[in-house]
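Participant: Residues 1 to 312 (UniProt numbering) make up the sequence shown, in order.
No wet-lab data here; the hints were simulated from the structure. Please read these numbers as outputs of a predicted model, since none were measured by experiment. Misleading hints may appear alongside valid ones.
[Stated by the list, open to error] Computed beta-carbon distance windows for the label pairs:
(1) 250 to 141: 26 to 32 Å
(2) 125 to 4: 43 to 49 Å
(3) 72 to 50: 20 to 26 Å
(4) 125 to 34: 54 to 60 Å
(5) 249 to 3: 58 to 64 Å
(6) 43 to 14: 16 to 22 Å
(7) 19 to 125: 29 to 35 Å
(8) 19 to 69: 20 to 26 Å
Even for Gly, the Cβ is constructed at its ideal location relative to N, Cα and C.
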Amino acid sequence: MDLRHLRYFVAVAENGSFTRAAEQLGMEQPPLSQQIKQLENELGVLLFQRLTRGVKLTDIGLVLLDQARALLGMQQQFIATATGLARGEKGHIRVGLAGAVSLLPMIPLTVRRFREVWPDVTIYLEESNTPALRKALHDRAIDIAIVRPPVPDGAGLLVSPLLEEETVVALPKGHPLAVHPHLELEMLADEPFIIFPRELGPGFHDAILSACHNAGFTPRMGQQAPQIASTVPLVAAGLGVSVVPRSLRQIHSGGVTYHSLGAKAPRAELAIAMRAGQHVPLLSNFISTLRACCRDMHAGAQVIALGEAEGE
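Please construct the entire structure, taking both the sequences and the accompanying hints into account.
Facilitator: Structure follows, in structure tokens:
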């Protein structure tokens, strides 16, 4: 059944006249009458009583009118949804966040700004580690991820730089070095280092070790933290010191003090990862908003040149 027939049916019912309905539809009256007759033959029912002046719905026609309106409403909603998806104005985005990324002010700022422009898009945030996020992308469990590069076994993914975050030293409260607001890495040469497993963020893990080596020492490894953000509670427990992304200062542990680092400080790199070949306007809109928020957030982050936009 052609949905045009339903539009014709509703127009005749609402106007009570083939002539007025034809004028509203911008067509001649005889073809409209033929289309309604064709619909009645197809359904096997009489929709209208033909009167001397105009028409009147039959009892069956009255029942079917509401359903015809509902079907036409569904068609309009279908078209509006398809158009919204094509323009990146409707739908949902599943965003994966690597360890401690959720603490960056740019994340809530991005979500807020995006929702202000595209209120019909739902954003789901999922925290994990970079290897798990890589798998989630391959499994299509998430649409995009903010990861700590490099991405192990990243075949089939498009990974592009996002920003480099400054790092700070986390010390147990009362530590002898805590009196210094600014530290150099070599001042930590004799301290036990708390660090996360390399597989959770090999780039940042290696950057910390390399910076220590450049400062003239090999760090003495203390207890291993299960996640990047887990280093702070272990430092608070007095189990060692740690070099962490600056955003972790938001973890207000009463037993930790944070201290800036000198020129030899490592950087915590972040990148955007998504499946290669994705050309979804919704994701392009989100990435553009994310990058704009990164440019606007000057506290402790150096935004990397955009390069080629992912999927834009």
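Participant: If a hint holds in the structure, say so; if it does not, say that too.
Facilitator: Right, here's what the structure says about each hint:
1. 250 to 141: 26 to 32 Å: holds (27 Å)
2. 125 to 4: 43 to 49 Å: holds (44 Å)
3. 72 to 50: 20 to 26 Å: The hint (20 to 26 Å, Cβ to Cβ) holds, given that residue 72 and residue 50 are roughly 24 Å apart.
4. 125 to 34: 54 to 60 Å: holds (56 Å)
5. 249 to 3: 58 to 64 Å: holds (59 Å)
6. 43 to 14: 16 to 22 Å: holds (19 Å)
7. 19 to 125: 29 to 35 Å: Given about 58 Å between the Cβ atoms, the range is violated.
8. 19 to 69: 20 to 26 Å: Holds: the Cβ-Cβ distance is about 22 Å, inside 20 to 26 Å.
In this structure, the one hint that does not hold is number 7.
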